[in-house]
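Asks: Top to bottom, those sequences are chains A and B.
Our numbering puts the first sequence at residues 1 to 548.
Our numbering puts the second sequence at residues 1 to 548.
Keep in mind the hints are simulated off the structure, nothing from the lab.
Here the structure is a predicted model, which means the values were calculated and not measured.
Mixed in with the good hints there might be a few duds.
Repeated chains share a single entry, so a pair holds when one copy, or any two copies, can fit it.
As the list claims (entries may be wrong) - In the DSSO-like style, the derived pairs of lysine-lysine whose C-alpha atoms are separated by at most 27 Å in a straight line are:
id, residue 1, residue 2
1, Lys22, Lys341
2, Lys529, Lys438
3, Lys188, Lys341
4, Lys528, Lys188
5, Lys209, Lys438
6, Lys52, Lys528
7, Lys209, Lys188
8, Lys213, Lys52
9, Lys22, Lys529
10, Lys188, Lys229
11, Lys438, Lys213
12, Lys188, Lys438
13, Lys528, Lys438
14, Lys52, Lys341
15, Lys529, Lys209
16, Lys229, Lys528
17, Lys209, Lys229
18, Lys213, Lys188
19, Lys52, Lys188
2 protein chains.
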Amino acid sequence: MAQESTETPATFSFQTHPSRYKHLVLSVDGPVATITFDVQEDQGLCDGYTLKLNSYDLSVDIELADAVQRLRFEHPEVSAVVITSALDGMFCSGANIFMLGSSTHAFKVNFCKYTNETRLYIEDAIEHSDQTYIAALNGTASGGGYELPLACADICLVDDRRSAVALPEVPYLGVLPGTGGLTRVVDKRMVRRDLADIFSTLAEGIKGKRAVKWGLVDAIFPSSVFMEKVYERAAGIADGGHSGCEGITLNPIEPEIDDDGIRYQHVELSFGPVERTATVTLTVPDTLPSIPSNPAELGDNWFALRAFRELDDLLLRVRFHYPEIGLLLLQTRGNSETVLKLDAQLMEHADHWFVREVMLHMKRVLKRLDVSAKSLFALIDAGSCFSGSLFELTLAADRSYMLEEDGVSIALSELNFGRLPMGNGLTRLQTRFLADPKHAASLTDNRDTLESDDAEDLGLVTAAFDDIDWEDEIRLAVEERASFSPDALTGMEANLRFAGPETLETKIFGRLSAWQNWIFQRPNAVGKKGALTLYGQPETAVFDYRRT
Amino acid sequence: MAQESTETPATFSFQTHPSRYKHLVLSVDGPVATITFDVQEDQGLCDGYTLKLNSYDLSVDIELADAVQRLRFEHPEVSAVVITSALDGMFCSGANIFMLGSSTHAFKVNFCKYTNETRLYIEDAIEHSDQTYIAALNGTASGGGYELPLACADICLVDDRRSAVALPEVPYLGVLPGTGGLTRVVDKRMVRRDLADIFSTLAEGIKGKRAVKWGLVDAIFPSSVFMEKVYERAAGIADGGHSGCEGITLNPIEPEIDDDGIRYQHVELSFGPVERTATVTLTVPDTLPSIPSNPAELGDNWFALRAFRELDDLLLRVRFHYPEIGLLLLQTRGNSETVLKLDAQLMEHADHWFVREVMLHMKRVLKRLDVSAKSLFALIDAGSCFSGSLFELTLAADRSYMLEEDGVSIALSELNFGRLPMGNGLTRLQTRFLADPKHAASLTDNRDTLESDDAEDLGLVTAAFDDIDWEDEIRLAVEERASFSPDALTGMEANLRFAGPETLETKIFGRLSAWQNWIFQRPNAVGKKGALTLYGQPETAVFDYRRT
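Excised from the complex, chain A in its bound form:
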């Protein structure tokens, strides 16, 4: 069995349910839902810190991610979501500093990546599911507590002469706001950079009319009418909600875990073939159901949803629980025809809310794969079915190897041409063929069954080997990859995977996160006398003031 992380052992689960929430309350009232932060101080993930002032740790953010996901699948009628706080005078004080201060570097990085993904999912729900998030800041929103509202479409702040929005990380902690704050302030809300500079160094933050004037919030209302005004706005935005949509139930997807690996219904991870590697196999059932007149009746057991939920859960587990696994070998098992038929069904019913949500979910899971700090090799071998939507797995991989053998083939489907874009806004095929957009476009109508010769000619796989060479070539490539410096690979992949245009999303995972990761290594933040280390203690941080 692979070595586990100290912070999140293999038994730790990313699954939850509103009935088990400790920190959030999710309520739905017709077209308007409300997520209320009521963080329980002593119910954090680990001992050693208390979640005061609605500060959060991973356990809180897992509930938030769950709520955002459930609203899409279980409450599709909802079209406006209010996020607010149960505390008086405090919306949210951000990621818990004592939790961060006591975490390993790897955990900090993974924690920030996960919280970033959740905030991007909020923006994805606003843009693609018409579920508009309204942040109702009934008290101060500080640090990550303001970065969450930044992901919402509308930010309302109570005007009570004391509640402010703030990014106090630089002055208080010597680190950056790590959840997209700097990027969203200048790139999404387009706050003037000099005002953003003042704001990001002003620990006490900015309140009232000035917060509106600078573009940091959209509206302010007095305490007496605050929630009333917020719900007026929410009702206006909701506009009656999405009538005729009835949600499904997302059941838990807990895997079996033992010394050999992790097993779900369709997705399986086995440790090996060599140290620090694991093989992920996605198996497609022989037959898939036809689509009923109400596709939502397929429910959460539908392969297209279930398999990608399993893959998503697995990715989180591999990131958090198995840091030493550096290379994932991606395999599929099943019949390409089945996958292509499923893709055709998805496209045929793309206008139905449930089918749309299933495809949006596939998109998000593939994006999570793109930004995972694990090397990815796809193995297109006998019995595989890397076609259509599943071909995206090979395109997300750093390399794809294909066996030269009769019957081993791939094929494209409509899902490769726009429904599953990367964070840079391009399809994976467009990113792959950045040098030759015509070639990328020429593939649009290609529905051929492509064996290795054709796939290589079209540039769709990295290399093909016959069965004499296959085993040796793969073994050599895998052993070599597993021997390299994991840090160099993370940096290399972060640069090679996202050619082409940059977006808010790629800026957050590229520029912002990379700088934050650097700062998270610096003694000025995490050394014995670092600002993050000493936060809340009587001693003052001591800086090495040499600028780098």
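With chain A's structure known, arrange chain B on it following the hints.
Replies: Structure of chain B alone, referenced to chain A:
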């Protein structure tokens, strides 16, 4: 006097001249120039390493930057530049590893930034000065030795069965190619990402036809005809050169340095007002010459060139020699009318090669300011002349403070609207007003003299104070800035300064450099058992394989 860097003391100069080159030979033959790498092993900047196999350190790169600059100003007739090597079988083996391994973190970061800037200047010369660089790889080009060709417009590789192009940093050193290599491979040459992945992990590199097929080089020629073919291509590209252009001489601009600061003719740095800060003052002469019929007769003493060369030299000195200076206060002295008249002259003669080069140089110096890891506050006070081209200094600053007083004013000129763009491709005004492009556009015709009220209303300055508050407000802001974690400020500024679109250039300084800086902090690279530390020694690196 401020504390100096251990690696480059205050006496170290960034000035050189072809007659004093140790490592390069610059020759000009009509429209075609040649830069030949002939690095002298024992003539590096520091003891403790030898520059074997045309590897380079800062002393080599200073010569390269000088050659690129002189070709633009001293040899404007040149339209093609061949870069090649005097060694047999080796073009360039990249940055010297023993130099990197023995350098401080800050030096590594500054060294990479400087080499990145030089390569971007090559691309700038190709795009804007019609001086097309052709890399003639008469032997292997490895690491930084291949990143230099990547900045050229045309890469020719000798086809001799052994010469290859390679980026061996990841497999050999556990770091990234730090001079734009990964970015240029996928974003400029648009090599397919999976092939780029193989290439960037293949220490021995790729040669011959495969290098052409993958897009890593543009042409291969056998040894027997290699240089002949290269010069044929160069002659074709040169197309006779730029006839009628006669260059000027760039004389040295060595400053006076003492305990108070650094003084040039027009630019001056004084340490203070408080610890870890310095004040940079640019003084505009009372009168400037009129433009002769051949503007090049103005020579290198023309204020528009001289002052920006001084500022450029100063920026390098402050970056390298004075790491503990974290905040630069930018001041100007002189008459705004003089600056505006100069700007009008620049625009009137913009089609003349020399005037064009002067403006391109201003652009590059301002970009160097943008990516300097120093906080920048512009102080628009009595006697200042922050108008037109010099107003860009305030726009490059993180904040600008303006004194409310009769006669203290700013004004815009045509140079604020396209001639001096940032690395993101936008003007500083466009970046500033990203939220309101109409406002940015509405300023195009504004030639008013703007005192503080108007400047504030138009959003052109951060804040204005009257003379009662000025001193206290500035003192507080300066002291506060100088107290923050320098690392957090570097990361914050790198994110706030570059809102809007991303380009090759911003990707290199944002995404790529940030990841490299992170890796340069990681024990797997720089620890006692790190790959960079142990390179060339019998001991093998020992990695902590946990992926982050």
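Asks: Each hint: holds or not?
Replies: Tested hints:
1. Lys22 to Lys341: neither (42 Å within a copy, 68 Å between copies)
2. Lys529 to Lys438: neither (56 Å within a copy, 48 Å between copies)
3. Lys188 to Lys341: The answer is neither: 39 Å in one copy and 38 Å across copies each exceed 27 Å.
4. Lys528 to Lys188: Classified as neither; 36 Å inside a copy, 43 Å across copies.
5. Lys209 to Lys438: between (51 Å within a copy, 23 Å between copies)
6. Lys52 to Lys528: within (24 Å within a copy, 40 Å between copies)
7. Lys209 to Lys188: Answer is within: at 20 Å inside a copy they meet the 27 Å cutoff, but 45 Å across does not.
8. Lys213 to Lys52: neither (31 Å within a copy, 59 Å between copies)
9. Lys22 to Lys529: neither (34 Å within a copy, 44 Å between copies)
10. Lys188 to Lys229: The answer is within: 24 Å in one copy meets 27 Å, while 51 Å across copies does not.
11. Lys438 to Lys213: Between copies only: 18 Å across chains, 46 Å inside a chain, cut-off 27 Å.
12. Lys188 to Lys438: between (32 Å within a copy, 17 Å between copies)
13. Lys528 to Lys438: Answer is neither: 56 Å inside a copy and 50 Å across each miss the 27 Å cutoff.
14. Lys52 to Lys341: Neither: 51 Å inside a chain and 60 Å across chains, both beyond 27 Å.
15. Lys529 to Lys209: Answer is neither: 38 Å inside a copy and 55 Å across each miss the 27 Å cutoff.
16. Lys229 to Lys528: Cα proximity of lysine 229 and lysine 528: none, with 47 Å in one copy and 60 Å across.
17. Lys209 to Lys229: The answer is within: 16 Å in one copy meets 27 Å, while 68 Å across copies does not.
18. Lys213 to Lys188: within (16 Å within a copy, 40 Å between copies)
19. Lys52 to Lys188: neither (30 Å within a copy, 49 Å between copies)
Consistency note: the structure conflicts with the earlier hints numbered 1, 2, 3, 4, 8, 9, 13, 14, 15, 16, 19.
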